[in-house]
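Undergrad: Knowing the structure of chain A, use the given hints to seat chain B on it.
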Amino acid sequence: MASIFKMNVLNNIESIRKEFPILNTTVNGNKLIYLDNAATSQTPNCVIDSISNYYKNLNSNIHRGVHTLSQLATEKYEDTRKKFKTHFNAKSSSEIIFTAGTTHSINLVSSGFNEFLSKEDEIIVSQLEHHSNIVPWQMLCEKTGAKMKVIPMNSNGELDLIAFSNLLSSKTKIVFVNHVSNALGTVNNIKEIIDKSHSVGAAVLIDGAQAVPHFRVDVTELDVDFYVCSAHKFCGPTGVGILYGKKEWLDKLPAYQGGGEMIDEVTFEKTTYSDLPNKFEAGTPNIAGVIASGVALDYINEIGLENIKEYEDYLLQYATEKLLEIDGLKIFGESINKTSVISFNIKDIHPYDIGSLIDNLGIAVRTGHHCAQPIMDFFKIPGTIRVSFCFYNTTDEIDTLVNALKKASTMLS
Amino acid sequence: MKIKDIQDQIVEEFDIFDSWMDKYEYLIELGKSVPVIDDSNKIEENIIKGCQSKVWLHAEKNNGLIEFYADSDAIITKGIISLLIRTFSNQKPEDIINASLDFIDKIGLRQHLSPNRANGLNNMIKKIKFYAIAFSKTN
Numbered sequence: 000m001a002s003i004f005k006m007n008v009l010n011n012i013e014s015i016r017k018e019f020p021i022l023n024t025t026v027n028g029n030k031l032i033y034l035d036n037a038a039t040s041q042t043p044n045c046v047i048d049s050i051s052n053y054y055k056n057l058n059s060n061i062h063r064g065v066h067t068l069s070q071l072a073t074e075k076y077e078d079t080r081k082k083f084k085t086h087f088n089a090k091s092s093s094e095i096i097f098t099a100g101t102t103h104s105i106n107l108v109s110s111g112f113n114e115f116l117s118k119e120d121e122i123i124v125s126q127l128e129h130h131s132n133i134v135p136w137q138m139l140c141e142k143t144g145a146k147m148k149v150i151p152m153n154s155n156g157e158l159d160l161i162a163f164s165n166l167l168s169s170k171t172k173i174v175f176v177n178h179v180s181n182a183l184g185t186v187n188n189i190k191e192i193i194d195k196s197h198s199v200g201a202a203v204l205i206d207g208a209q210a211v212p213h214f215r216v217d218v219t220e221l222d223v224d225f226y227v228c229s230a231h232k233f234c235g236p237t238g239v240g241i242l243y244g245k246k247e248w249l250d251k252l253p254a255y256q257g258g259g260e261m262i263d264e265v266t267f268e269k270t271t272y273s274d275l276p277n278k279f280e281a282g283t284p285n286i287a288g289v290i291a292s293g294v295a296l297d298y299i300n301e302i303g304l305e306n307i308k309e310y311e312d313y314l315l316q317y318a319t320e321k322l323l324e325i326d327g328l329k330i331f332g333e334s335i336n337k338t339s340v341i342s343f344n345i346k347d348i349h350p351y352d353i354g355s356l357i358d359n360l361g362i363a364v365r366t367g368h369h370c371a372q373p374i375m376d377f378f379k380i381p382g383t384i385r386v387s388f389c390f391y392n393t394t395d396e397i398d399t400l401v402n403a404l405k406k407a408s409t410m411l412s
Numbered sequence: 000m001k002i003k004d005i006q007d008q009i010v011e012e013f014d015i016f017d018s019w020m021d022k023y024e025y026l027i028e029l030g031k032s033v034p035v036i037d038d039s040n041k042i043e044e045n046i047i048k049g050c051q052s053k054v055w056l057h058a059e060k061n062n063g064l065i066e067f068y069a070d071s072d073a074i075i076t077k078g079i080i081s082l083l084i085r086t087f088s089n090q091k092p093e094d095i096i097n098a099s100l101d102f103i104d105k106i107g108l109r110q111h112l113s114p115n116r117a118n119g120l121n122n123m124i125k126k127i128k129f130y131a132i133a134f135s136k137t138n
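Top line first, the protein sequences correspond to chains A and B. So for the first sequence, numbering that gives the first Met the number 0 puts the first residue at 0; every next one is plus one. So for the second sequence, numbering that gives the first Met the number 0 puts the first residue at 0; every next one is plus one.
Isolated chain A (complex conformation) (with noise of 0.2 Å):
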């Protein structure tokens, strides 16, 4: 790690928290401290700028208009498209699709497979996954038979990849496991998953949505076939998400929604669809946060996200030593490679009440299963509390935290 002086984020740290508005809110009598970023990231003012100027000078609907606003609003959401494929290092525009989010993407993609499943076949889910990632999966297995097996995990919050080799077989058609797990920060090894499912034929889709604001993804080198993520996590407005598909997977994968924009010819007899991307894009979109979501590409992008690694790996390491200078607080999730997420009980206390009291001194703090129950269930716990940090939390939050912390401990034990 750079010294702490040559830190591109920290030493610019008080003119980037200026840009997000709502670190200068009050909560409870309190300024806000919001750890709450695995959740939802705050909105810095290019992208609330971008949200309220499409709104005021370019709102119009977009592809089929032959006017001006119709036009300039088309080229901004096919800009922005192209910033994503760039981003990504996709082969083609066409490749990525704009959805409402990581879940809506899943559920896309699972829903495809419908053609493709059968009782005979199997697909793979992780331990680890957020409750989008094994749901849609679980509906699947039940309209078409196909079986679901589970990459376990370790108690250091990592996938046993032995385990998924032996799992591993001719009737396993695809593989999902996310990047980076919400729940414990786990970074996991998602090219080696990559490369074994597909020596046995299967497709795999990654969840990015705890792993885009925090590295760079190259979906090329990963040779990976779906990957999917929300722009709420990396600064952008909500109700966006992006599919990356390879173009041969989603030739096959027959279209989610029918409806405007995703026809070629449509009469009663029959209708045709079109082509990439906007199959997959029925309807009018959310189209000022798709521009926006490019915004917030552009501004993480300025800021550089290997300066956003740096400063974030920072953040963890000196809030994992503070955390553990309390008596009685146990890390969950423990692998030496983490987003800047930590997940942590104290004593038996139940993160629900600590969860509360901190939250008087204006501490956003996530407490519960985190849409990750089989995790809990791994580890025998009711939920954990976690804090998870951005590239606009600085240590004075990670020490006010950690006093908190030690109040409500000794209140509660």
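Careful, some of the hints might be misleading.
Claimed, not checked - Dumping the calculated DSS-like pairs for lysine-lysine here, alpha-carbon to alpha-carbon at most 25 Å:
id	chain 1	residue 1	chain 2	residue 2
1	B	K31	A	K329
2	B	K91	B	K1
3	A	K406	B	K22
4	A	K406	B	K31
5	A	K329	B	K91
6	A	K379	B	K53
7	B	K31	A	K405
8	B	K31	A	K346
9	A	K379	B	K41
Stated by the list, open to error - Stretches of chain B that chain A covers, calculated by requiring three or more beta carbons in the stretch to come under 8 Å of a beta carbon on chain A:
id	stretch
10	84–92
11	100–106
Treat the hints as calculated values from the structure; they're not laboratory data. In this text, a Cβ means the ideal position worked out from N, Cα and C, and glycines have one as well.
TA: Leaving out everything else, chain B in the frame of chain A:
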């Protein structure tokens, strides 16, 4: 004592605390010290699921009055439960059915009953009312 009077009493008790910290300390004490549900009644049928904390609720009718027993695995939830038990236990079914619950708001702990909290408390209060309705139809 009538439900309304009990609630007024609770509000008076909490009024003496100025800071949220003192209110929570009192609530935590209530949560720790009040005996609630018997272990034999901590069964699956009596669980009220919340996303965050579990609540167990058991009810019996004696001499025309309903007795409630409850518990939670979170102390703050348990503290609020102790106040709910104090309010609703040993009351007639029709008094419970007709009662409005306003002390939580008045003591400044409304956020714990917000549907967003999913801590089982909202569902517990619903279930108290359902028990009252069910028991009102029995002898």
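Undergrad: If a hint holds in the structure, say so; if it doesn't, say that too.
TA: Quick rundown of the hints versus the structure:
1. B:K31 / A:K329: Distance of about 23 Å is within 25 Å: holds.
2. B:K91 / B:K1: It holds: about 10 Å lies between the C-alpha atoms, which stays within 25 Å.
3. A:K406 / B:K22: This hinted pair holds, its Cα atoms lying about 15 Å apart.
4. A:K406 / B:K31: Since the Cα atoms of K406 of chain A and K31 of chain B sit roughly 18 Å apart, the hinted pair holds (cutoff 25 Å).
5. A:K329 / B:K91: 47 Å, violated
6. A:K379 / B:K53: 15 Å, holds
7. B:K31 / A:K405: OK: K31 of chain B and K405 of chain A at ~19 Å, within 25 Å.
8. B:K31 / A:K346: Measuring from Cα to Cα gives roughly 16 Å; hence the hint holds.
9. A:K379 / B:K41: Satisfied, since the Cα-Cα distance of roughly 18 Å is no more than 25 Å.
10. 84–92: Check failed, 0 qualifying residues.
11. 100–106: violated (count 0)
The earlier numbered hints that this structure contradicts are 5, 10, 11.
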